[in-house]
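Can you build the whole structure from these sequences, using the hints too?
Going down the list, the sequences are from chains A and B. Position 319, counted from 1, in the first sequence is what my numbering calls 319; the numbers after and before it change by one each time, with no gaps. Position 57, counted from 1, in the second sequence is what my numbering calls 57; the numbers after and before it change by one each time, with no gaps.
Hints listed in this document are in silico derivations from the structure and should not be mistaken for laboratory results. Do not rely on the hints blindly, as some may be mistaken.
It does not matter which identical chain is meant; a pair holds if it fits inside one copy or across any two.
[Claimed, not checked] Listed below are the simulated DSBU-like cross-link pairs for lysine-lysine, each with C-alpha atoms no more than 30 Å apart in a straight line:
| hint | residue 1 | residue 2 |
| --- | --- | --- |
| 1 | K121 | K161 |
| 2 | K29 | K79 |
| 3 | K25 | K121 |
| 4 | K44 | K58 |
| 5 | K175 | K25 |
| 6 | K79 | K121 |
| 7 | K175 | K58 |
| 8 | K175 | K29 |
Now for the letters of each chain:
Number of protein chains: 2
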Amino acid sequence: MLGTFTFHNPTKLYFGENALEGLFKELPKYGKTVQLIYGGGSLKKNGVYDAVTEILRKCGKTVVEDGGVMPNPTVEKLKEGVRIARENRVDLLLAVGGGSCCDYAKAVAVSVHCDEDPWEKYFVRYENPSCEIVPVGCVLTMAGTGSEMNNCAVITNDAQKLKIGKVFDERVNPKFSILNPIFTYTLPMRQTVSGVYDIFSHICEQYFSGTDNNVSDALSEALMRSVVDASLTVIHNPENYEARSNIMWAATWALNNLIGCGKTQDWTVHALGQALGAYTDATHGLTLAAVSLPYYRLVLPYGLSKFVRFAREVWRIDPTGKTDSEIAEAGLCAMQDWMKEIGVAVSMRDLGATENMIEGIADATLLSEGAGYHTLTRDEVIEILKESF
Amino acid sequence: MLGTFTFHNPTKLYFGENALEGLFKELPKYGKTVQLIYGGGSLKKNGVYDAVTEILRKCGKTVVEDGGVMPNPTVEKLKEGVRIARENRVDLLLAVGGGSCCDYAKAVAVSVHCDEDPWEKYFVRYENPSCEIVPVGCVLTMAGTGSEMNNCAVITNDAQKLKIGKVFDERVNPKFSILNPIFTYTLPMRQTVSGVYDIFSHICEQYFSGTDNNVSDALSEALMRSVVDASLTVIHNPENYEARSNIMWAATWALNNLIGCGKTQDWTVHALGQALGAYTDATHGLTLAAVSLPYYRLVLPYGLSKFVRFAREVWRIDPTGKTDSEIAEAGLCAMQDWMKEIGVAVSMRDLGATENMIEGIADATLLSEGAGYHTLTRDEVIEILKESF
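Rendered as C-alpha cells:
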C-alpha cells in the first residue's frame, strides 16, 4: 500500500550531448564567484575541465578551484572546502564529477554558514540545516549515485572509521544538473560497472521492503531491467550512446525519491557496504556488490513473495514446475550471473578487506530497526560478512 | 534513443489520506487573498469544500469564490476568472477539483497580468507568458489529467468549436498539489473510468512514437499495467484505497514530463478527442476512448514492433506460434476487452455526436506533422471518425 508522503524534487536537468549549453542558462542566475569542485586528473584529460572553465569565463565568473575530491570524501576535505567557500564568499558550488563530488558539494553547501561542527550536526546527530545554504550545480561525469537529483550526501570520517549518508531536504538538491552521457565514455570499465551496480542496489533497497506498492514496484522493475540491458551493451561497447544514456537516466530516477515514495525502505546493503567502504576505501558500488547476495539469500525466506516477483519480472524466470522458493532462488542466480558477466561479482577480499576487519566492519554497520524484511542480528551481520569473503 | 531534453518539475506533492494537512504548510507562503476555484455542487456534498474553507479560515485567508468551472472550461469562463482575480488582487489561485479546475486555474494564472487576449496569445499563437504569473495550488478530487503536476492547460472556445491544449513551462506548474485518494471515492464510476482511460491514453501518446527509449518505454509499461490492474479493482470496489491511490499516483506520473523525456510524442488521439469534445462537450477521457482503437488499428502497420512490445509487456500476450501482426492485434484485442470491462468502450454516437458533425470534427482536429508513426491524411481522419461511430 502507498503510504503518506510528500514528493518535491526541484532540480532542473539538462540531458543530452549538448547538455553543457545549459550552463549558459543557469550561471547568470548566481553571483560572480564559483567554487569549482572536482576530483582527480581525469577531468583535465577528457576535456570536460576545459569545456566547463571556458563557459565559466564566458559568463564572467571568478573561479575558485577546489580539486582533489576523493572517491569517499572525508571530513577533513569537507573542512577544507568550507574554508575555501568562506574565504572567497562563493555564490555557487559547481561540482564537476561523479557522485562523490556532488555529495561533497552538498555537504559544503550546508556547512559554509553553519556555526557548529557539520560532521556532528548533520551526520552524527542527523539534524537538518538551519542556516543559509549555498546553491549547488552539478556537471555529471559518472552515472551511479543519483546525487545529481537528490538531497543526500555521504561523508567519511576516517578517524572514526565511519561512512555516513545523510538525507537532507529539497533545499539541498542541486539547483541544476548537466547530464551528458558522452562524458561517461572514457570512464574506466571498473568504475562504470561499479556505478551500474550502485544504481541496481539503490533500486533493490527500495524494492525489497516491508510494504509493497504496485506502481512503485513496477517502476522499479522497469528501471532494473533497463539498467541490466544497458550494462550488457556497455561492457562490450563503452561508446554506445543509447546504453550510456539509459544508464545515466536510470541512475537519476533510481534515487530521486520517486520509486521509494510511500514505501518503507531497506538500505541494509548500503549500511553493510558503507562500513566496508570506511575500512577499505573501496569503490562504493563494489562494496555493495560484495555483500548483496549473501544478504539477499539470508532475508529471502522473510520476503519470499517479493523475491518471486523479482525473479519473474526482472529476470524473466519461467515459473513452470518450480516452487516459490525455487523461482526466487533462480532469480538470485540470474542476478549473480549478470554480476559475473559485467564484472562486479567481487568478494570483500578482492576489495582489500582482511578477516580481522570483520568485527570492526560489523560495529560500523549502522542498521535501522524494522527497515527491510528482517532486522539483522549482530551474528547475522557477521555471517553475511564472512560469506562475502 | 534518448534525445536532448530538459526536465524540471518543481511542483510539491502531498499524498495520502491526511494530505490536506499540507495546506497548513503551503498557505502561509502566499498573501492574504485566495481565489477558490471549483466546479459543481459535488464538492459541497462530499465535505471537501468545507474542509478546505475551514483550513483557509484557520490560516487567516480572505476567500474569493470562483465556482462553476465546467468540465471543458471555456474562454468566457476564463475571462470571468481573470476579472475576479484582478478585482480582488488575489495572491493565490486554489483549484479544488479535477483537471478542469486545475487547467482553468493555470489559464487564469497566466492571464491576470497579461495585457493581450489570452486565447489569442496562448492558445492560438501558442506563445509563452511574458507577464507575472499568479501562483496556483491544487486539491485534487479526480485522477486523470495529470494537471496537478504539469504545465499544461486545455481551454475550449465554443464559438470557434476549438478545444486547445497549451503546454507552458515550469513557471505554470502548480506550486503544490494535495492528492488524497479518498477524495475520489465518491466520484461517479463513469467519471472514474473516464479518468482511467485519460491516464492510459496519456501514456500511449508518449509510448507509441517514432523514437523508442528503453527506460521511458519500460516506465510507461509499468504505469500502464498498474493503471489496468487498479481499474479492474476499483470498478468493483470504489473505496479500495490501494487501487484509488495507484490510479491517482500513476495519473500524476503519466503526464508530468517524465515518460516522454527525449522522445518524440504522438498526441493524435488527443487531437481527435479534443475536436470531438469541442463538438459534444463529452467527458474528455471518453472522447479519447471513442477514437483510440480505430486510430491504433490504422497506424499499427507503421509501428508494428512497438505494438508487439505493447502486447507482450502490457497485456502479457503469449507470442508462441503467432506472427508479429497477430501478436500486435492480440494486444489491441486485450486492450479492447479491458475497455469493455471497465465501461469505456464507447462510440462517438454514445457521446452525442451525429454523423453530420464528422466533417467539422475533422476540420477541428489539429494534427502535428510527423508526430506519431504516421501522419494522418484528412481521408484517414474521416475514416477513423466513421469507424468510431
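These are the hints, each one checked on the structure:
1. Taking the shortest alpha-carbon separations for K121 and K161, only the intra-copy value of 17 Å comes in at or below 30 Å, while the best inter-copy value is 61 Å.
2. When the C-alpha separation of K29 and K79 is checked against a cutoff of 30 Å, the pair qualifies only within one copy, where the shortest distance is 27 Å, while the shortest distance between copies is 34 Å.
3. With identical chains, the CA atoms of K25 and K121 are at most 30 Å apart between copies only, with a shortest distance of 25 Å across copies and 35 Å within one.
4. Taking the shortest Cα distances, K44 and K58 sit within 30 Å of each other inside one copy (19 Å), while across copies they are farther apart (58 Å).
5. In this homomeric assembly, K175 and K25 come within 30 Å of each other (Cα to Cα) both inside a single copy, at 12 Å, and across copies, at 22 Å.
6. In this assembly of identical chains, the alpha carbons of K79 and K121 lie at most 30 Å apart only when taken from the same copy (14 Å versus 53 Å across copies).
7. For the identical chains of this complex, K175 and K58 are intra-copy neighbours only, at 20 Å inside a copy versus 33 Å across copies, given an alpha-carbon limit of 30 Å.
8. Taking the shortest Cα distances, K175 and K29 sit within 30 Å of each other both inside one copy (10 Å) and across copies (20 Å).
Violated hints are absent here; each numbered hint is respected by the structure.
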